[in-house]
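Protein chains: 2
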Amino acid sequence: MDNTKSPPGGPNRPHHFRITHQSAECGARCATLSTLHGSFVTPVFMPVGTQATVKAMTPENLEEIGAEIILGNTYHLFIRPGHELIRRFGGLHGFMNWNRPILTDSGGFQIFSLRELAAVNEEGAAFRSHLDGSKLFLGPEDAVAVQEALGSDIMMALDTCIPYPADLRQAEEATALTSRWAARCRRARSNTGQLLFGIVQGGMHRELRRRSAEELREIGFDGYGIGGLSVGEPKELMYEMTRASAEDLPESHPRYLMGVGTPEDLVEGVRYGIDMFDCVMPTRNARNGMLFTSRGRVVIKNARFKSDDRPIDEECGCYTCRGFSRAYLRHLFMTREILSYQLNTIHNLFYYCSLMKKMRQAIRNDRFLEFRRDFYARRERHN
Amino acid sequence: MDNTKSPPGGPNRPHHFRITHQSAECGARCATLSTLHGSFVTPVFMPVGTQATVKAMTPENLEEIGAEIILGNTYHLFIRPGHELIRRFGGLHGFMNWNRPILTDSGGFQIFSLRELAAVNEEGAAFRSHLDGSKLFLGPEDAVAVQEALGSDIMMALDTCIPYPADLRQAEEATALTSRWAARCRRARSNTGQLLFGIVQGGMHRELRRRSAEELREIGFDGYGIGGLSVGEPKELMYEMTRASAEDLPESHPRYLMGVGTPEDLVEGVRYGIDMFDCVMPTRNARNGMLFTSRGRVVIKNARFKSDDRPIDEECGCYTCRGFSRAYLRHLFMTREILSYQLNTIHNLFYYCSLMKKMRQAIRNDRFLEFRRDFYARRERHN
Numbered sequence: 001m002d003n004t005k006s007p008p009g010g011p012n013r014p015h016h017f018r019i020t021h022q023s024a025e026c027g028a029r030c031a032t033l034s035t036l037h038g039s040f041v042t043p044v045f046m047p048v049g050t051q052a053t054v055k056a057m058t059p060e061n062l063e064e065i066g067a068e069i070i071l072g073n074t075y076h077l078f079i080r081p082g083h084e085l086i087r088r089f090g091g092l093h094g095f096m097n098w099n100r101p102i103l104t105d106s107g108g109f110q111i112f113s114l115r116e117l118a119a120v121n122e123e124g125a126a127f128r129s130h131l132d133g134s135k136l137f138l139g140p141e142d143a144v145a146v147q148e149a150l151g152s153d154i155m156m157a158l159d160t161c162i163p164y165p166a167d168l169r170q171a172e173e174a175t176a177l178t179s180r181w182a183a184r185c186r187r188a189r190s191n192t193g194q195l196l197f198g199i200v201q202g203g204m205h206r207e208l209r210r211r212s213a214e215e216l217r218e219i220g221f222d223g224y225g226i227g228g229l230s231v232g233e234p235k236e237l238m239y240e241m242t243r244a245s246a247e248d249l250p251e252s253h254p255r256y257l258m259g260v261g262t263p264e265d266l267v268e269g270v271r272y273g274i275d276m277f278d279c280v281m282p283t284r285n286a287r288n289g290m291l292f293t294s295r296g297r298v299v300i301k302n303a304r305f306k307s308d309d310r311p312i313d314e315e316c317g318c319y320t321c322r323g324f325s326r327a328y329l330r331h332l333f334m335t336r337e338i339l340s341y342q343l344n345t346i347h348n349l350f351y352y353c354s355l356m357k358k359m360r361q362a363i364r365n366d367r368f369l370e371f372r373r374d375f376y377a378r379r380e381r382h383n
Numbered sequence: 001m002d003n004t005k006s007p008p009g010g011p012n013r014p015h016h017f018r019i020t021h022q023s024a025e026c027g028a029r030c031a032t033l034s035t036l037h038g039s040f041v042t043p044v045f046m047p048v049g050t051q052a053t054v055k056a057m058t059p060e061n062l063e064e065i066g067a068e069i070i071l072g073n074t075y076h077l078f079i080r081p082g083h084e085l086i087r088r089f090g091g092l093h094g095f096m097n098w099n100r101p102i103l104t105d106s107g108g109f110q111i112f113s114l115r116e117l118a119a120v121n122e123e124g125a126a127f128r129s130h131l132d133g134s135k136l137f138l139g140p141e142d143a144v145a146v147q148e149a150l151g152s153d154i155m156m157a158l159d160t161c162i163p164y165p166a167d168l169r170q171a172e173e174a175t176a177l178t179s180r181w182a183a184r185c186r187r188a189r190s191n192t193g194q195l196l197f198g199i200v201q202g203g204m205h206r207e208l209r210r211r212s213a214e215e216l217r218e219i220g221f222d223g224y225g226i227g228g229l230s231v232g233e234p235k236e237l238m239y240e241m242t243r244a245s246a247e248d249l250p251e252s253h254p255r256y257l258m259g260v261g262t263p264e265d266l267v268e269g270v271r272y273g274i275d276m277f278d279c280v281m282p283t284r285n286a287r288n289g290m291l292f293t294s295r296g297r298v299v300i301k302n303a304r305f306k307s308d309d310r311p312i313d314e315e316c317g318c319y320t321c322r323g324f325s326r327a328y329l330r331h332l333f334m335t336r337e338i339l340s341y342q343l344n345t346i347h348n349l350f351y352y353c354s355l356m357k358k359m360r361q362a363i364r365n366d367r368f369l370e371f372r373r374d375f376y377a378r379r380e381r382h383n
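Chains as they are written, first to last, in the working numbering: chain Y, 1 to 383; chain B, 1 to 383.
The set of hints was computed from the structure by calculation and includes no laboratory data. Even for Gly, the Cβ is constructed at its ideal location relative to N, Cα and C. Treat the hints loosely; a few may be bogus.
Each pair of labels, with its calculated beta carbon distance range [to be verified]:
(1) 296/Y - 376/B: 54 to 62 Å
(2) 41/B - 191/Y: 53 to 61 Å
(3) 113/B - 302/Y: 27 to 35 Å
(4) 66/Y - 19/B: 44 to 52 Å
(5) 135/B - 377/Y: 48 to 56 Å
Next comes chain Y alone, as it looks inside the complex (with noise of 0.2 Å):
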């Protein structure tokens, strides 16, 4: 699939991705992204499957709470139990039995995350595993092959993050080495039908960001992922950055949010026009009893939940929420049972993909800022 050519109906038009809505009060739109494992709509969270498994979730319990997509580490897969293994499990869905679409990212966040183990040059990452020290390289080349062996649907291109803060100079050398990378990754793809999207870097300065674009746009990718952002810069600063990058990447093809973030975060990206999330949060807080409500945080070892009858959220219609109490959760929190980490994780993913569909809901019906207020003003009457 060569997605530089122009589909019927207009340039830039890609085959893959058709927004079906675009708000008049805002950048929020739906959208259908097609890919080799099914259709999802957009905007859209991916749970996080760091080790080809989302934390304490079957694959139908991800179905049951309605995740249409989800995320896979190919820097951890690529350490243990190794791409080729499982490409010769028919890829990370024959491997994890999970038949809809999946996004690996690049391995380098985790490089980024792990860089006192990482020297990073021209032709790429060498780093210690972090789990025997052993060494191994991954480069842009090596990126797009081990994403291609783990079969998934979208793949991303290997990049530099930079950290919070880096000075211009720093930030300009790893956004051009991101670019460079990008580039080899483009020429490195297969004709496998997997896509392929670009990831934008540029620290916290504007200018860096809409280069970084605009070189990537150059290059042509199926969509395009935001990254560097919530590294450690103060809230206000990622959302200025997240509608910056939006605004310079072409409406015609899907903006990823990398590694974002709260329901809020979710709210405000999808005001400013991103169609995709994943984050480690809901499944993560979910094993330190940490839950998500329309009304707000829950955290479920407190005292005042001991003999709690009611759901965890009233409004929720989650496996958890339908069948168990606080008292019962907080209960299976405090003698830490595996079934705390199940039924956690049920619902804040359920709670998060929800968020999703309110949303699309809204965006559809035009009243999506009338849906913002509303999310904020039910949170502010219970805090």
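Using the hints, position chain B against chain Y.
Chain B only, in chain Y's frame:
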């Protein structure tokens, strides 16, 4: 419910237990046991749900693997979250969202297990909480009151377990105390419709076990547990005592071999006329990566499964075997993913419940001994 009265159909034929098939070849039999939360067929295996959850299983998972009755631990629930709290939630059924039968043990075995924290006298057991060291007391009347608050369908009388080895005098004293406590439990029960089982003790002393069974029959219970086995004695001795106690107990009432055991133990127990079993083995071993199959045991972390694309057991129809390879399960185990506990537990409990189902079918078809020969032959071929 007063089960000492004779229901229609003859003396000593209880209302709640109906034998539907008695093997002509051995002690094995099929029956239906009716409780407040419905009936189930025996022989049956009860998954252990110590802290108001069968570890790593949702109630939905339990229904899917075919669990007809589960077990709760009085000792643990008494300590945390407390039986009075659970009572307010409609008992254990409401608290944990399980609508089929539940059997609760009496706490006797846990006090025995934690005996360095306990002091037993005529009145009952004074012990310190294994959680915070607080002083607690559980006598026979308390054990019944707690189980009535928990609302279990089958309650167990408080017993004293005898260590192995124990001399005759020590065993005699403990067994006599168990009988006196059993009588007090019988007197303490209210008219709730819950069944109450006595527990045979006697250590490894044939005569003492006979006396224990006689004394319990004299008191009169809705069924009888065989306790104090699988406490370190040789396997042959355990089988001998099981057989002896089964013979000592009335044919008309359910017999429950407590805390036992391996798949082989279940087959032997059924042969001797045991109707009910419980054991942590399928659930605990699942979490340690040991899986039960029709051809014997599998240790999933073994390197030879690294790229094995077969299910754990090619003859198994469980969710795990229908969707996941040994290689994937090994990967989950090596990465310590929560899904490893979930999928392994689903498989092991399905294996146990299916084994019971196959035994029931064999009994009904009058070919239990043939089933038993085949059961061992398959294992030998593959060991």
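Comparing the hints with the structure gives:
no., hint, in the structure
1, 296/Y - 376/B: 54 to 62 Å, "holds (59 Å)"
2, 41/B - 191/Y: 53 to 61 Å, "holds (58 Å)"
3, 113/B - 302/Y: 27 to 35 Å, "holds (32 Å)"
4, 66/Y - 19/B: 44 to 52 Å, "holds (48 Å)"
5, 135/B - 377/Y: 48 to 56 Å, "holds (51 Å)"
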